[in-house]
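Taken in sequence, the protein lines are chains A and B.
With numbering that gives the first Met the number 0 applied, the first sequence corresponds to residues 0 to 216, in that order.
With numbering that gives the first Met the number 0 applied, the second sequence corresponds to residues 0 to 261, in that order.
These are calculated hints, taken from the structure and not from any lab test.
Be aware that one or more of the hints could be misleading.
To be verified - So the derived list for chain A, only partly shown, Cβ under 7 Å to chain B, looks like this: (1) L51; (2) G90; (3) N93; (4) D178.
Claimed, not checked - List of simulated lysine-lysine pairs, DSS-like, C-alpha gap at most 30 Å: (5) A:K30 <-> A:K9; (6) B:K218 <-> B:K156; (7) A:K57 <-> A:K133; (8) B:K117 <-> A:K57; (9) B:K169 <-> B:K153; (10) A:K173 <-> A:K133; (11) A:K57 <-> A:K30; (12) B:K218 <-> A:K57; (13) B:K245 <-> A:K133; (14) B:K245 <-> B:K117; (15) A:K133 <-> B:K117; (16) A:K57 <-> A:K173; (17) A:K209 <-> A:K173; (18) B:K156 <-> B:K169; (19) A:K173 <-> B:K156; (20) A:K9 <-> B:K156; (21) B:K153 <-> B:K218; (22) A:K57 <-> B:K245; (23) A:K133 <-> A:K30; (24) B:K169 <-> A:K57; (25) A:K209 <-> A:K57; (26) A:K133 <-> B:K153; (27) A:K9 <-> A:K133; (28) A:K30 <-> B:K153; (29) B:K169 <-> B:K117.
Nothing here was measured: the structure is a model prediction, and the numbers come from that model.
Positions of the beta carbon are idealized from the N, C-alpha and C atoms, including for glycine.
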Amino acid sequence: MQIPAIEIDKLTITIAGQTIFSGLSLSLFPKQKTTLVGRSGCGKSTLLQSLLGFVAPKSGAIRIFGRELSSQSVWQLRTRMAYVAQEPEMGAGNVRDILARPFAFRNNLHLRRNMDRVPDLLQRLYLPGTLLDKDVSALSGGEKQRVALIAALLLEREILLLDEASSALDQSAKHAVIDLLRSNEALTVLSVSHDQEWIGFSDSHFDLCKAQQEAAA
Amino acid sequence: MTIIDISPWRLAAGYILLAIPLGIILWLRLPMLGQAISAIVRMTLQLLFVGFYLQFVFDLNNIWVTGAWVIIMIGVADVSIVRGCRLRMSRLGGGLFIALLAGTIVPLLIFVVVLQGKAGLNVQYVIPVCGMILGNCLRADIIGIRNFYESLRKNEKAYLLSLSQGASLKEALHPFVRDACQAALAPTVASIATIGLVSLPGMMTGVILGGGNPMTAIKYQIAIMIAIFTGTALTVILAIRLTSLKNFTTQGTLDRGFFEAG
């Protein structure tokens, strides 16, 4: 039997005494592309953050490729995922430095040559090559999202977590992103989106609010 | 040449000079008369207390009593840094105490033992030199710690992005440590570069007032500047590293419990 890339088992998360969701279960198999939907506030972003170990669960378990996420394993498991935040904040510097920064980390040293792929990725996402010398603070919202996506893809992770990654993109840029992700068949994608076109691109969608109501019933 | 003592009566007469600043405050109706008078009274009482205590320490000239005084000074500095940064004592105090201790003792020992031999351990040298190094360590730690934690709180998303990209805790904190150290050391570097041009530095003034000649005074001043630079660099890096051990969760996220409310 195939091991799920992401397995969420009866997960309950509480922040400052408030339950964000409880008893949530969800499995994602390798290569699957799933979108989390549901109204704002039902915990979609929190769920992505809990997969990265940024939010500690109150109960339940998260398994990444069969390995349980714990305070020990999280450091290794993060090297199997890449994350793009809704409003990416990537620190200070020009785009080239921002893209190169993760390759200074010991875990990514072996991937340093992936920087060679940057010109191609920029082109595929309709970004000019001159963008590399631009300061990241001068980028528009849409440019920032695409740069953050390129940074994530360069890391060659097996799982990509996208939080509203198309929210600031125009039609053509959004299609370019969808085409790029679709062409990457091996990639498992868990995204959060309200965009119908984006939901259409994924193999399946999961309504977090509905799942909560059903669990409560 | 020895220093001329000031008799209590002559010092009391010196307070007459205060008529000038207080007169200006009254004339311009500055809303700080009470504050100014209270500051003068506090200064007098604090210095009287320290004077009596130091006289006692000087009379004994015992290395253990001197050491105890140094530890008390470091303890007071420790508490005032935590208060100055509005952080929780229980999370910060211990690491900071070690950082201040190392930042003060290492350059102090080099200063007194290497430069002056065993005689340098006399209370006459240890207390003033230690006070000068510690004062600078205190300022550097306040700037460094505040800069480090405030910047992390402000740029938490960028920090979390580094963690999500596979950085270790040390790697993800590196840019914040670097910026905080730079901010903390910048005033020391600036004061080294302008020393003697803008104002006569404290150590040099002390040696001249004590009857030393200017050439001896500048040698002391050069030595103390080296000691201060060494002490501040050491204390800041240790303060950040040692306090960060307690203020991050095992998953690497910033534990906000150590910020005081607000």
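Results of checking the hints against the structure:
no.	hint	in the structure
1	L51	holds, 5 Å
2	G90	holds, 4 Å
3	N93	violated, 15 Å
4	D178	violated, 24 Å
5	A:K30 <-> A:K9	holds, 23 Å
6	B:K218 <-> B:K156	violated, 49 Å
7	A:K57 <-> A:K133	violated, 43 Å
8	B:K117 <-> A:K57	violated, 60 Å
9	B:K169 <-> B:K153	holds, 18 Å
10	A:K173 <-> A:K133	holds, 22 Å
11	A:K57 <-> A:K30	holds, 29 Å
12	B:K218 <-> A:K57	violated, 62 Å
13	B:K245 <-> A:K133	violated, 38 Å
14	B:K245 <-> B:K117	violated, 39 Å
15	A:K133 <-> B:K117	violated, 59 Å
16	A:K57 <-> A:K173	violated, 36 Å
17	A:K209 <-> A:K173	holds, 27 Å
18	B:K156 <-> B:K169	holds, 17 Å
19	A:K173 <-> B:K156	holds, 24 Å
20	A:K9 <-> B:K156	holds, 28 Å
21	B:K153 <-> B:K218	violated, 44 Å
22	A:K57 <-> B:K245	holds, 22 Å
23	A:K133 <-> A:K30	violated, 34 Å
24	B:K169 <-> A:K57	holds, 27 Å
25	A:K209 <-> A:K57	holds, 21 Å
26	A:K133 <-> B:K153	holds, 23 Å
27	A:K9 <-> A:K133	violated, 45 Å
28	A:K30 <-> B:K153	violated, 36 Å
29	B:K169 <-> B:K117	violated, 40 Å
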